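*Asks:* One-letter residues, chain by chain:
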Amino acid sequence: MSAATDQEVGRSRVRPRARRLVAGRGRYTDDIAAPRAVHVAFYRSPHPHARIKALELSAARAIPGVVLVASGADIARHCKPFAGVHRLFIGMKAADQLPVAVDRACWQGEPVVVVAAETRAIAEDALDLIEVDWEPLEGFGTPEGALAGPAIHEQLGDNIGFDGITTTGDVATAIAGAAVVVEDTFRFGRHTGVCLEARSILAVYDPQEQSLVVHESHQCPAQQQAIFADLMGLPEHRVRVICPDVGGAFGIKQQLYGDELATCIVAKMTGRPALFVADRVESFASDIHAREHVVKARMAFAHDGSILALTLDDLFAVGAYSQYPRSSIGEASHVARLTGAPYRIPAYQARVRMVYQNKPPVGHYRAVGHPIACAVGESLIDQGARALGLDPIAVRRLNQIRDGSGPHASHGAAVLEGLTLDACLDRLLAGFDVTDFRREQAAARQRGSLLGLGIASFVELAGTGAPYYGESGAPVTAQEACLVRLEPSGHVRCQASATDQGQGTDTAIGQAVADAVGVAFDDVEVVSGDSAACPPGGGAWASRGASAGVEAAVRAGRALRAEILRLAGLILQRKPEQMYVRRGVIRDAVTGAELITIREVAVIGHYRQHLLPPGTQPDLSLVRSYVPQNQAFLTTNGIQLATVSIDPGLGEVRLLRHRVAHDSGTVINPQLLDEQIRGGVVQGLGAALFEEIRYGEDGTLGTGTLMDYLVPLATEIPDIEVVHVTTADPSTTLGAKGAGEAGTAGAAAAVLNAVNDALAPLGARVSALPLTPERVLAAIAAASSVPAEALSRQKAGT
Amino acid sequence: MSSEAEILVRLTVNGAVVARHVPVRRSLADFLRHDLGLTGTHVGCEHGVCGACTIRLDGEIVRSCLLLAAQADGAAVETVEGLTESGEIAALQQAFLARNALQCGFCTPGMLVTAADLLRTTTTPTREEIRGAISANYCRCTGYHAIVDAIETAATSRTGDR
Amino acid sequence: MKPARFNYHRPGNLPDALALLAEHGGAARVLAGGQSLMPLMAMRLTRPEELIDINRIDELKGITADDTAVTIGALTRYTEILRSEVIAAAVPLLAEAIRHVAHHAIRNRGTIGGSLALADPSAETPAVCLALAARVIARSAAGEREIPIDSFFHGLMATELAEDEILVGVRIPKRAASARHAFLEFARRRGDFAQAGVILAPGHTGVPENRAVVFGVGATAWRSSALEGAMGRNIADDVYAALRLEVAAAVEDETADYKARIVTTLAERAMARLA
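Chains as they are written, first to last, in the numbering used here: chain A, 2 to 799; chain B, 4 to 165; chain C, 10 to 284.
Isolated chain A, as found in the complex (with noise of 0.2 Å):
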């Protein structure tokens, strides 16, 4: 056989634990049974801010089955505040908080009386008995309110948790000698990310030992571990979080939530087990939403469409909490960071404030911050292409960054490595017929109907390295870490710091590790989600899983090789490297020749090391780490198209084609990686077409249940056309680059473009999003109109 056939990078191998959860066998928290597990609910503030006068809690305490009712006082009792503070970003303020709120709620769905029962409904019964004496005060919900009312925390003194701005070149002189300048003003709708399994924790409390041991639908089991040590002062050592089966994350289970660590501290405060499982309503109410930005963006153009300059101002607005530990700058830094990042653009100004305003906390969501810069540089350049009477795509391909043009260091102050703008955009028109397409919409047009195409074009950020995180104060690590062992029967057990919510990350460990160690992929065993049997690391963030995770899993098995074959060189008085391993055996580097099975070099590491020469210690479990030590960020892109066709009656914008070309680098397994970009993509288009938590001018939540919030459903998508373009990553051993979130980064931006060249003859444009049929059916009347302004609005700067 082979080397080429029996590698197991590169094939499309089965995620072991999927056999599980298709015979509905799943192990999610709350499917996890705890003898006499108390339920804890959580009274939630009506108000957007309010004052809490008083509360009446002695009715609710009266029904038999409660076991707790305690207030936001009596939890703050049992920890330390946090505050949601990014040292990397200078100047940032960010309010503590607690878990629960104490005197005042400042968003719709904030913690302010904590019930726990023998079981949710009672709890629940027990809700309805709260009182509370509300002196409700002025809230804030949109952008703009915050930025003018007065502070929400007073020791702030305004709302503005951050103000920066980034600068590169002469814009003003950029923008002076250009010949055409357009400028627009886009909004995007906060989202959520729906994981199905709603935010669920099972907490344990051990007095005698002083000891927490935690199952929670997190992706950051390590982090956790750190903070539910430090906030509640317990030793770290003695505290434990398991993260079992995850039904979903996408970064909404990346964070330290307050009801979560308040169900820590029932458990403290009852000595029974504490459960919480968030129901739907809820979730929606104090999940991490996203995307709430309101960003007003200039692109200026020479002549032949090469864009002179690039300025925007982002304001941006995170709840009333910067989410904690991470803080919620993450999108707006990257908003700054990355739009227009493909192309060269000599002169640049981006400003990006952050705002506090009286809605729940904002912070990672799949794609952070990426959505919005390709939005917002994507747009652009149609407009432009437009407006100059170019083709938008020759308008990409003269400026974007070239392939092999080495380091690149952005208008957005990043190091973008290694880019493949130029194959991407090969790779995604080999599939596509432009020329076919433009004939076919111009046809519809005759016949009153309207069909758009859309480009968009990205560059990722992701594997995120120690600059980032290092430099915050935050308990939050860019290594991850892997244990590997040779189990006496010659099989192998990884532990992974890396964590897996559905992605696969732990059956790319298997595949890497198997040909690190040289054993067939169904001999490993891979265990992640577990802050005791695993090694530190960062868990699931930052599409790290394929690149760092698996890195650490290489090292550690490749390890775990040297000290089998050294091993195997002293039973067989041979030098190791005269040797090599292949799917469990040990054969001559010569020959080929079968010497030993790695079972035997197992058997006799852990039972028989009497027949070893004597002095000789087997090491058959080893740990390595792997962190991208100076490397802020991975870098990668990808671009996009989609066409769609409105039906201008009804404002309904319909998805027709939607195909992806993505750099991830070396293929670990082909089927995962295309399912992560197809999912990723869903995502997005929900964000482009339904997607949209929907608050009042004073904070309070519109969007209550999934009746209201509406996600994608299969009748809605079409199917998604993934290409790849595979060029190693020089950083780590096997070069994959992680494809998690490239699908959401590049998908609205895409509908958006196609969604305006589809009403362009009509003379009508939107650039808000969700693209929701009352915001089509608007702009289609305002353009009906006003043609005449509506055009030259498009030409404006001309």
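Calculated directly from the structure, the hints in this document are not laboratory data. Fair warning: there could be bad hints in the mix.
Claimed, not checked - Here are a few chain C residues that face chain A, going by a calculated C-beta distance under 10 Å:
#1 M10
#2 M52
#3 T264
It should be emphasised that the depicted structure is a prediction, and the values quoted were computed from it without experimental measurement. Beta carbons: idealized from backbone N, C-alpha and C, even for Gly.
Dock chains B and C against chain A, hints included.
*Replies:* Same frame as chain A, now just chains B and C:
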């Protein structure tokens, strides 16, 4: 507040007769999960939208979060565990695995129950028919494409068997 | 998200159910298919003290027909209506509309009586019954009455039903074999409640008047005089201007412009379908 009213329910679950006293307000989904330990039926929204709790009641698919356990008294319930044990959905499960038509797996039991129902009534559904049937079930991870492929494959393999 | 406490009753026949309702009145809710009531209870938006489950009352189930009308028992589930040959032949509009109701698993439980009694303004069934000049059959311990559908809907999820009455069925006049109709709705996603819908049912031998219904717009489904007046004639522009005024009267919030636009489009297309 009145005390917690309870009722005795007797029903057949995956072929076995069970009898339990349950609070009258307990949903069938919670009853299956927490009284019987059949945690393969998932609860994603508790208001009948997401489809994760889809089961079979007297042969027809229903949302188990929209029924009281009390209403299932005398009925025959089948869950993903029962359909797995009987082998009825084996071809679908195999196709889901081979095509990676699941990621987090939370929607999967409900998706399989819905897909099995489609395949009982439609021998070789078109992709559009498959999309129509599973539009009752939310999946947040896959984007549906792989699920449609898997159901198509299972339908084809099944007709091939005949 | 668990319901508040209630007492559960499962009468085996209609007189027992009516007696319970007479005893408990406004403290009771009737549980039919439960596809809307259960979520409302789970969210504690409604908290009946007594829940009267009528699902075991066989006399409320089934479809019968006489020479002039089809009578559908209140507990008849959507799936059964869709499978009914009687409905397909005599009231095809109803079957066409029900295909838009949610999804198969919901239609397996949801009932026509439950939908009428709930009177959701975006729901298809009440709108179709309005378009077809149905008569709602209600019974209390005191007796039975038939309520013309035109006087059945009182406002947002409010109906003519008294506290002690159970909706036991609906009589829908048969459509003449030659009668045509148009049903159009616009939903954001397959199976969602309609953003708006328009139904045109031109007069025929069974129901001589033209009936045009708009739903998903305002507090109840409503008949559009503008469209009814225009059916069967050459349509002038002022028909749609009048329709937009009707929409504006029905919708008081900021969605009025949007609703007027989509209703106009649906009405134009419905008219074209009948032309």
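*Asks:* Next, verify each hint and record whether it holds.
*Replies:* Evaluated hints:
1. Hint status for M10 of chain C: holds, given a least beta-carbon distance of 4 Å to chain A, under 10 Å.
2. Residue-level restraint check for M52 of chain C holds (minimum Cβ-Cβ distance to chain A is 6 Å; threshold 10 Å).
3. For T264 of chain C, the suggested interface contact is upheld, since its CB lies about 7 Å from the closest CB of chain A, less than 10 Å.
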